[in-house]
Amino acid sequence: MQQVILTSIPLNQLCAVLAEHLRTEFANLEINPPQDRLLTFDEAAEILSVSKVTLTEWRKRGIMPYQKIGKRVYFKQSDLLTVGEVKFKGKRS
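Heads up: the sequence shown begins at 1 in the UniProt record's numbering, then just goes up one per residue.
Don't take each hint at face value.
The list that follows gives simulated cross-link-like pairs (lysine to aspartate or glutamate, EDC-like), each with its CA atoms no further than 16 Å apart [as the list claims (entries may be wrong)]:
| hint | residue 1 | residue 2 |
| --- | --- | --- |
| 1 | K76 | E46 |
| 2 | K52 | D42 |
| 3 | K71 | D42 |
| 4 | K76 | D36 |
| 5 | K76 | E25 |
| 6 | K76 | E20 |
| 7 | K68 | D79 |
| 8 | K68 | D42 |
Worth flagging that the hints you see were computed from the coordinates, not collected in a lab.
Working from the sequences, and respecting the hints, build out all of it.
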């Protein structure tokens with residue numbers, strides 16, 4: 001059984017202790033960029049604002065890189081951003 005000890009400390013001291021603890025924890029986090037996330041076919045089409053048919057054509061023509069895991073097709077978010085910038089350069093506001 002864990003013992004709990006209650007003590008009275010000033011608020012500013014508590015804030016300092018918490019801030020230091022959070023700083024340490026966040027520094028130790030290994031952050032994966034969101035661009036490396038794999039997206040489903042539906043998510044990719046929605047992000048690019050294109051139909052699934054268009055996305056399929058881009059995939060078949062080699063415009064859109066993809067990965068197959070089993071029978072499912074996935075797209076890297078970083079690839080979507082790159083292709084989206086090239087395809088829509090100057091076309092969107």
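Comparing the hints with the structure gives:
{"no.": "1", "hint": "K76 x E46", "result": "14 Å, holds"}
{"no.": "2", "hint": "K52 x D42", "result": "7 Å, holds"}
{"no.": "3", "hint": "K71 x D42", "result": "15 Å, holds"}
{"no.": "4", "hint": "K76 x D36", "result": "6 Å, holds"}
{"no.": "5", "hint": "K76 x E25", "result": "28 Å, violated"}
{"no.": "6", "hint": "K76 x E20", "result": "35 Å, violated"}
{"no.": "7", "hint": "K68 x D79", "result": "15 Å, holds"}
{"no.": "8", "hint": "K68 x D42", "result": "15 Å, holds"}
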